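Asker: My numbering numbers the first residue of the sequence shown as 4 and each following residue consecutively.
Treat the hints as calculated values from the structure; they're not laboratory data. In this text the structure is predicted, and so the values were computed from the model without any measurement. One thing to keep in mind: the hints can contain errors.
[What the hints assert, rightly or not] For each label pair, taking beta carbons as the anchor points, the in silico distance ranges come out as: (1) Lys147 <-> Asn9: 32 to 42 Å; (2) Val131 <-> Ser58: 12 to 22 Å; (3) Ser184 <-> Arg97: 44 to 54 Å.
[Claimed, not checked] Below are the DSSO-like pairs computed for lysine-lysine, each with C-alpha atoms no more than 30 Å apart in a straight line: (4) Lys41 <-> Lys8; (5) Lys57 <-> Lys41; (6) Lys8 <-> Lys19; (7) Lys182 <-> Lys143; (8) Lys78 <-> Lys19; (9) Lys78 <-> Lys57; (10) Lys78 <-> Lys105; (11) Lys110 <-> Lys147.
Positions of the beta carbon are idealized from the N, C-alpha and C atoms, including for glycine.
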Amino acid sequence: MINCKNDLKRYLRIDKMTLGVPDTKKYPKLLGGDEIWKFQIILRYHEYYNNCHKSKIDRLLLKIFSLLHHYYGIKLGFEIPCNVFEEGLKINHRGPIIVNPKAKIGKFCDIHSGVNIGQNIAPDDVPVLGDNVWIGPGAKIFGKIFIADNIAIGANSVVNRSFAEQNITIAGIPAKKIKDSGNPYKRAII
4 MINCKNDLKR YLRIDKMTLG VPDTKKYPKL LGGDEIWKFQ IILRYHEYYN
54 NCHKSKIDRL LLKIFSLLHH YYGIKLGFEI PCNVFEEGLK INHRGPIIVN
104 PKAKIGKFCD IHSGVNIGQN IAPDDVPVLG DNVWIGPGAK IFGKIFIADN
154 IAIGANSVVN RSFAEQNITI AGIPAKKIKD SGNPYKRAII
């Protein structure tokens, strides 16, 4: 969670690194440019102003970033609320990604289009995902479950139960362990 300006800078630096944005680009072009990187910058600033500031100017900036977050979310097909993803978020493609606002997702999550991370019947029955989780296209993750660190979730999998074992690959409907090696793109936790 972003609690100060230094956290914001760290989140942006790490998100930029995981997306593979060249260091020469501090911010994307206003017109054109990398739309996903723009969305992530706006998401992180929205989190910053939502969590840290309460002056009149800050409340105005919060409204501006809230509107931009909503606009770019609709444009790209993302429904990603504030304060769900830790640093290192990597969104690979445009397309529908829906995440419940109460879900908690660790550092260096690599997510593809068509993913749904949601609740079960009760509003608080939401997933908690560990660090270095790779989520393949079309995966559905729901219910009060826990996914351990360094897990790869296969494309179009339906995950409705917890997996506490680290460094594995899960896939299928319903998901089950299929391999003893986990996220192939695992990053060191900074």
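Asker: Next step is simple, just say for each hint if it's right about the structure.
Answerer: Results for each hint:
Range check, Lys147 to Asn9: Cβ separation about 33 Å, and the 32 to 42 Å hint holds. In this structure the supplied range 12 to 22 Å is violated for Val131 paired with Ser58, their Cβ-Cβ distance being about 33 Å. Against the hinted window of 44 to 54 Å, the Cβ-Cβ separation of Ser184 and Arg97 comes to about 29 Å, which falls outside the hint. Of the supplied pair hints, the one linking Lys41 and Lys8 holds, its CA atoms being roughly 18 Å apart against a limit of 30 Å.
The suggested pairing of Lys57 with Lys41 holds, with an alpha-carbon distance near 24 Å, which does not exceed 30 Å. About 16 Å separates the Cα atoms of Lys8 and Lys19, which keeps this hinted pair within 30 Å; it holds. For the hint pairing Lys182 with Lys143, the CA-to-CA distance comes to about 19 Å; that is within 30 Å, so the pair holds. This hinted pair checks out: Lys78 and Lys19 have alpha carbons roughly 20 Å apart, not beyond 30 Å.
Restraint check: the Cα-Cα separation between Lys78 and Lys57 comes to about 29 Å, which is no more than 30 Å; the hinted pair holds. Our distance criterion of 30 Å between C-alpha atoms is met by Lys78 and Lys105, whose separation comes to about 23 Å. For a cut-off of 30 Å, the pair hint linking Lys110 to Lys147 stands: about 19 Å separates their Cα positions.
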